[in-house]
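Hints are included, so try docking the two chains, each in its own frame, into the full complex.
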Amino acid sequence: MTSLLLRREAAPERRTLPAGPLASVLGVVLLAALTAAVAWGSTSVPAGEVWSVVWRRLSGEAPRPGTNDLIVWQLRVPRALLAALVGAGLGLVGAAVQALVRNPLADPYLLGISNGASLGAVAAIVLGLGAGGTLGLGLSGAAFAGALATFALVWAVARRGGGFAPLRLVLAGVAIGQFLSGFTSYLVLRAGDEQQTHSLLFWLMGSLSGANWDLLAVPAAAVPAGWLCLQARARGLNALLMGDETAAGLGIDVNRLRRELFTVTSVLTGVLVAVSGAIAFVALMVPHVCRLLVGGDHRRLLPVSALLGALLLVVVDIVCRTAMDTQELPVGVVTSLIGAPALLYLLDRRLGSGS
Amino acid sequence: MRIDIEDLHVAYAGRTVVAGARLIAAEGEITGLVGPNGSGKSTLLRTVYRHLEPTAGRVLLSGTDLRRLSPVEAARHVAALPQERGGDFELTVREVVAMGRTPYKRAFAGEDATDRDLVARALADVGMERHTGRRFTELSGGERQRVLLARAFAQQPDVLVLDEPTNHLDIRHQVELLALLRDRRRTTLVSLHDLNAAASVCDRLHVLHEGHVVASGPPLEVLRPALLAEVFGVRAAVAEHPLTGDPLIAFDHRAPADGPSGPVEPAGAGIPKSAPSGVSEAGPGRSRG
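Quick mapping for you: the protein sequence lines, in order, are chains A and B. Counting from 996, one number per residue, gives the positions in the first sequence under our numbering. Counting from 42, one number per residue, gives the positions in the second sequence under our numbering.
The following block holds chain B by itself, in its conformation from the complex (with noise of 0.2 Å):
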């Protein structure tokens, strides 16, 4: 399934925050989105998750408008990972990846043997499985994710919604999040605060300013100095990772770029192509896809 994202606008208290977005999540592809705060990253999951309503344009889903699918009909083919964390309720990790059967379930059904079975699965996937009886809010951060990306596994949907999915995790709990979102790839649609990882991850990007999509494509096509300067606002230089052959952002720390005037690197400037000697015995690039 794919998505299409049609001259979007969606208003949050009282504020038109998306303002014709377009995009589209391919089939089978991480797409990522990145922007500054604020940019309407958020607001713009939350209407594929149907938290939120357009106030005008379209969501498709492999052409349908998401409105005309009931709530729960939606929640078969999307699950989200929105950035909650819920209350206190004693509810075991295994409960909290069970609810993922919700959309499937008549109200006063119990679970049965598929829904077991789904559960387990997306628990061993996220490597969860010897963790069912503990409770939610004592996981850490990183594993707390692992059981909501379970949950979102056991939804079974066929488009996958993350909104900032790394955020306050440590980088080996970022590193292994990712990697998941990966080995168990579906169509992915996830915005990321970290440009690094969205460049090393998703397959297409859409960065988000002020409500409107700027610029699409290819990591490499689409993350260059002159954009991170417009809609950033910082100073980048862009490289070839060392390690993987992704494109590497080195950020000017000491200072913001003052707008379009202030000094851009070319890309690739900076940094040299070739891995250093000194890490290069850590493997050729990763191939993807």
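Same shape as in the complex, but just chain A (with noise of 0.2 Å):
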């Protein structure tokens, strides 16, 4: 009988790449690009200079007068480490929700916690508890107290016996974001003034240029540790790929799995757009193209979809410092104006494909 099985042509391999080694390149170059964020701007440091700042401060030696020190050590290594670690935690982040309500064209904004997060911000903005329109700490506090309180509301409406059905998570989190948006739209209308408006929406595009040490430390503990919850469920996210029956049928308790990557995923997102605003397509386009480079096992493409969305936003953040010589862009213009096209081909691929 096998016999009479194996008389098929051997199909295509599908070709993906080793992820140990891909996973060395990406962490070179985004060394590399982290380098060359601090290095480009307004005023350029040479790279070397760069690295012994970095090692000066790091030791603890005292920094060398007459250097670039205060622009590399208090300007541009925190906004590329910031790039860096919201570009990890969006790979993640999106992998993960993408598995979670198994849709790989998911993006985890439509869990409503980014809609949360905004009218935290804009609400804090309009009643002045901002600083000057920067993106203070108490901005993000705010932002995060809004992604906090959305992730119970989309929780409370979705949860149905114990669990959160895809389809239902989806449409709980799309129509409690619209909702919210609603309130965000209304109060950026009456915002103040000119100036009040002009942060409101940098900051609703997603922009990078609050980024100080200060506001560093949340996403450099929360990324990590968000990383190594999912690490630790990647055979449950690849379980459930193929379905919760599936899933149940391999020992794994679907039900609290999904609550667990519910909140991990949330309590993820709401740092991340607490920090950098909702930054589009970053979390919808790199598990994409991280699974068509190492295939689709969790196990591989969280890492990979991690050093991906570092590489990706630290490379759009020097775009958008050095594009305009008057001003810069908001990171959020630029991921857009790449991603809608990327996806366009991709969905393309992927219908084309008749599957």
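The hints are simulated quantities; they were obtained by calculation from the structure and are not laboratory data. Don't take every hint at face value.
Chain A regions said to be covered by chain B (calculated; three or more residues, Cβ under 8 Å) [said to hold, decoys possible]:
#1 1096-1110
#2 1231-1237
#3 1280-1293
#4 1336-1344
No residue lacks a Cβ here, since even glycine has one placed at the ideal position from N, Cα and C.
This is the structure in structure tokens:
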């Protein structure tokens, strides 16, 4: 019988890259991109000086006078690190949410968390909690509070019988997200002055311009912690791709896994949106591209998505800071400009393959 | 290992679908579950692979209540092949089969030599070892079912639970899949729509009707025209299969049976017992067991 089954020509292998070497390459390129991000800008700093400043600061030596120490250490390093952390976080959250709702084209912002964070931030600016319209800690706190409140609301609406059905979760997230963004739009409209409106819009589009060392602390803890939480559940994420019944048959408590994933991804999304606004498309695109590179197994997909997300956002932020002489672009504008055509290409590829 | 289902009640989407089902899947036998749409077959099976919890009654795994086991422990004994398609996530054939090792792996644990060996053997068992790098979603329906069966094999289960595994397969692929079940025999609980396939592959059948088991036994004893008329609402004659000697059910496709008063042929009527001479060279009846 088996010999009968074998009489078929072997079909083409799906070409994927080995994840280990790819991750190493991405890591090296990321370091180079971080160096470039610190070196390039209105004032150019040689790469050697970048690393010597970083080395002096890390080893506790006094900064050498007459150097670009302040620009490098107080402005550009935190900003480059924030870009890397937010990009890595978005890559992770995207991969996890796509498995959570079993849709490779899902975006974590579908779950409404980012709308809640935006409303929190905008309310803080309009009500005067944000210090001078900058991305201060108060503003981030308000955004994160908005994210958590929305998480609780979506949880309450989407929950049924101890778990979340994917479609129910998405519908609850979209409905609540739209409801909240109505409030946000109203607040933007009645914002007092032009400066306020400008800072609101800048924040809503997603921007890394508020980066400083204080702002970095929470994402620097949350992104690695979130990665560990998700990586520990990588096999469960894989099983969810096949369906809830399959996952149950593999010994996974599906309701519990969904509750955990929804919690981890919501908190992480809240942290990211709180420090950088809702940067579009990164969380949608990066896992998708990574699946093409290393396949769908989350044990490889998660770390590679984190690295590629970090690299993408560091590079995009360089473009945002240097493309225009007079002002910088919000990073979300550029990710949208890249992301929309890339998404259309991937959709075409997916639909064109006949599946 | 054997499975005893005792007075099982299961609700699905707020409705009691299985209401007092009792059956036994004996060690090493292929036990078939047949019944019309909505009779509770899938719901009953979902309880065995722990997707659903019983509202009353028990599922016993060699005497142990399934609910006493953790989901992971249960999955080391029972592997399932549900009716799900899954999303398109670029998983390869090998990755899908390797999922079968999930109940044996701790968080962060990688694949070891045992896992790789079991996955390779499972792929070879279903004849898919040359397709390991293909995308799962690109496979044909028959290939897909074989890969899912390999995943179940990689799980090293004592009991295999399959929900309509031949659905949407052409006849050749149906035959291949059922032959695999017979060749790699272990305690198996399988629901099947095709009564002739069930009669040929199963050692024992249980007929499910409105959530209860209304008949149990070897296929020839269970699949009687009166029962087929009552449970399935069709007129049918049962004869001996000219090639295999299994029960062969011939349906009257022109009209349904109108309840118990409808004309029902006695067993064996209508079709000659001996094979027609034109096909007799195909060989004697296959011996089973």
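Hint check:
1. 1096-1110: Our answer is that it holds, as 3 residues pass the Cβ test (under 8 Å) against chain B, meeting three.
2. 1231-1237: holds (count 5)
3. 1280-1293: holds (count 5)
4. 1336-1344: violated (count 0)
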